[in-house]
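**Student:** The chain contents come next:
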Amino acid sequence: MTDVRAPETDPFDAAAEPDDPSRPGPASPAGGAFGLAGWLKWAWRQLTSMRIALVLLFLLALGSVPGSMLPQQGNNPSGVQQYFVSHPALAPWLNHLGLFNVFGAPWFAAIYLLLFVSLVGCVVPRTFRLAGSARALPPRAPRHLARLPRSAEYATALPPAEAVEVAAGVLAGHGFRLRRADSAAPHPAGPDPAEAGTWVSAEKGYLREVGNLLFHLALLGVLVSVALGGLFGYKADRLLVQGTTFADTASALDEFHPGRLVTAADLGPFTITLNKFDASYIASGSQRGQPAAFDAQISYTEQPGGPVRTGHLEVNRPLSIDGAKVYLIGHGYAPRFKVTDARGQVVYDAPTPFIAGTTGNFLSEGVVKVPDARPEQLGFTGVFVPTAVDVGGTLESVFPAADNPVVSLIAYAGNLGTNDGVSQSVYQLDTSGMQRLTTSPQVLQPGQSLKLPGGQGTITFTGYVPWVSLAITHDPGQLPALICGIAALGGLLLSFMIRRRRVFVRARAGENGTTVQVGGLARTDASGGFEAEFASLAAELRAACQQGRHPQREGE
Amino acid sequence: MPVNVALGHVSNAFLIAALVIYSLSVVAFAGDFAYGRPRRAATARGQQAQDRAAALAAVGAPGRAAQAPAVPEAPGVPEPAGDPAASESMPEPEVPALRAIREAGRWVLAAVVLSLAGVTAHTAAVLTRGLAVHRAPWGNMYEFITALTCVAAIFFLVVLIRYRAWTLGVFVMGAVVVTLGLAETLVYTAAGELVPALQSYWLDIHVTAMTLATGIFFVAAVLGFVYLWVDRYTRRVAAGRAAPGNGIVRRLPSIEQLDRLTYRTIVFGFPVWTFGVIAGAIWADQAWGRYWGWDPVETWAFITWVLYASFLHARATAGWRGRRAHFIQLLGFTSLIFNILIVQTFIAGLHSYAGVG
Amino acid sequence: MPSPVLRTLSARVRRRAVVMAAAVLTAALLAVALVATFAGGGSSGVTYLDSNDTAVLYASGHRPLAPEFSSTTLAGAPARLSSYRGQVVVLNFWGSWCPPCRAEAPALAAVARHYQPAGVSFLGVDERDSQASAEAFVRNFGVTYPSVSDPSQVIALDFSAVVPLAGTPTTLVIDPSGHIAGAVFESATYSELAAILAKVTGKGG
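Protein chains in written order, with my numbering: chain A, 18 to 573; chain B, 116 to 472; chain C, 16 to 220.
Keep in mind the hints are simulated off the structure, nothing from the lab.
These figures come from a predicted structure and were not determined experimentally.
Hints should not be assumed to be uniformly reliable.
What the hints assert, rightly or not - Once the Cα atoms are required to be at most 20 Å apart in a straight line, the calculated SDA-like pairs of lysine to any residue come out as:
id, chain 1, residue 1, chain 2, residue 2
1, A, LYS58, C, VAL39
2, A, LYS252, B, TRP409
3, C, LYS214, C, SER66
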């Protein structure tokens, strides 16, 4: 048998406190009548046992795995859609099981809620017990100190009572809590005159349990903080083209995910203008094309009509405006187009955000919809190439900065589907009701125009401006979560570095003077070091006894 | 600031040197098993206890294993006599580390010297890489593995000296050599700048903490493997399916000592990992607008944390100490490796900066 | 003898106190959660005209004050909401890019044709649009009333403080005293607007 099993009772307790309550563990239902109350009590003891906590921890880890492997609705909704497309039979089943939103699924919540109930059920009684033991004295010194894990013995000429007193003084100097023989309650077996004044018990390290409880309670605090954020916080996105302003209201946000108790009225009434956006990229070397710096210069007002302030938004440096935090998340290009319809009227003249694809170097795709062109509505799909190079007939972007910008367009005319009242994505063109006008993609440089066949009009590529995407978030649980996280770390360190230990000193008179026995043991000495502490304590006690007898003699 | 390519080459040279020196140290550690100071065959239990006490003075000899196996014991303290006035017995002062190493034999001395030299070269490699790229040198997979193995080597050297655990050297240093070698051949990246999304001092704090913690858990994992191996061997001997007296196992620390050493290593690493997760959350909030979003890398860091927490819980649960706890610990390390190698590289998420390929 | 019994007793009493405290706390939390989930409705003075709760009438005395704004129309003339005091104003938030706005445009035009002679004013607020697209929209749908341009949506921001204005289209009916008497928070139908206007003009005259 090499499995190191824990002894039935903790030696720390068994060594000196036979009447200490044993560690709570799963108790099998006692025999005899077992009513509802009995079953509930048994279930509660099971739930708050270490074993069930272990099982729940496993389940928590296991349950998180699909949340990292499958696309999740919160992070990657388009990925979820794609999964449905590529796994049409499997996806609905996974959806039923909640596997596309694992961390919001009821079964996942059940796991961590049970875990926290178990935690609370274990921690609260222990807190009471700790509070109780805060005033309790250390246990009586056992008779046979030599049997303790650490022991030492030395002789002194002092009488036993004085030797013990000197030892008590040294231990008290080290911060131990003491219990002396004469101040003890009468021994259960009856008073023993030989015992009086011949031993002292010392205990130290109560902070360890404080640290342990602090850690677990702080975890609970983190959970509560996360819940706070989920209830009262919100996340919003907005794409902002350089030179334009937006007001923080629900109708102006591209995406708005309010917490459960948040309404659009809780948004702060600020406005932000993107004055200028600069992005620089590494121009040479092995990292050519990698971004070097992003900088968005903005001006903002905290309420309409308030003073205009300026600021910078950089990656990793959010701006705090009116209780919300504004982050620079991404950027891109918005080429400007001017469209004249068949009747010669300018029906479109605006920058149009194009979204960078996966090919790299900001090759971006976008759509221009001109619903008010007459006689037919016009639509264009386009590709914007910031630094265009013709590679074997296809246009490729070789650098993310707009050093040689071109746009390639395909024109359509017909019914865009915008008059039906059904919302459409501004980045996608539904060509089902349209007819393609140009046979092949037409490439335009800045300033160039494309004359549409059939006299349908003209489109001019007038230039480009950058856009930035902003994330606006508010999370009232953020600071509490941080504080609880730090408290948990502090509790963890306390519980690992401090060890609860007991030291006993017994002095017995003999023929050649007094023999002093010192014994000590530590409970779960996580970081080690009790041995060294005991050794130095024993040496110090011995030296103090020698000093007490011959104050002029130097310590040995 | 441009990358200092020359310093980058110096860093590579130091790393190759470290690899070579480490390999030599592994040979020396192995040599101690084969040709080291002869350990007498186990005749009396007390004799074995004395041998072990001499070699592993501070970890705790099994002299009094009969009494309370879970509790640390004093080194080489003889049983006190019943006669109270007869003798004094004070805890013996520890044999100083240098003397213990010298007394352990030439092979051990050589191995320790080589390990120290290797660690010096390894640290120099990490430092020069950092100077070459003007940032903390753990910004991509290659740098991360180089740094964490350095942490593991330094940590193990401290353990080796403090706990006289040179019999574990062949395993830990061997693992370091293999890992470094794989990193050099498979994921090597030349020194380069970082994308601005990553230029934040919270990056340094977060990844530093993760590197430290991973290095420490690396040592714990190797010790866990050794534990399981010795445990399996002992069980097989007890079942009569293997011959007792295996020379290597006899030289290794006892099961309890291995268990305690692994436990203490994880106790050291767990708060560092916790701090790393918190620092990562602070960085995530600054960069992406939320402190926790169940990004795959975040999720796996969480899983790793839960598994190591399970290990600590298992140690306090009857029936789960020993072998089962170590399985949990190794599962935790597996999830850590999985996070680094697979999740960061292949599973799309905000964390994809490994710079591989 | 009394000492150990006392200790066990107090432990039991203590445990019972813990259980009681936990039960009370749980009950309190549950109560708060229930209240938070189900409360919030039942604001008096609001009548819903349709099953979606998107067309509403505010009883007099419960009408929010419409925030003042001053801006320029698409044609370039200045316009202020306060200059419409004394008349019923239909304020329509729209954008040329917004499909539901395009779908309701004919209905709005019909309502305007019917009620403008009766003295009801109509004013559009063009959200997040560019000049050329907005003018083309007005031309195409034959919009007979002016619209102010609100490209940064600050007017929408101001109004969202008093009514749950969540997007476009939204149509508000403002009574002669400048208070919002009715609203449609989606694309409006002729009947909805007519019903609201009947109520508002019937009262205000």
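**Student:** For the pair we were handed, A:LYS58 and C:VAL39, check the Cα-Cα distance against 20 Å.
**Tutor:** 19 Å, holds
**Student:** Does A:LYS252 pair with B:TRP409 here, judged by a C-alpha cut-off of 20 Å?
**Tutor:** 15 Å, holds
**Student:** Between C:LYS214 and C:SER66, does the CA-CA distance stay at or below 20 Å?
**Tutor:** 19 Å, holds
Violated hints: none; the structure is consistent with every hint.
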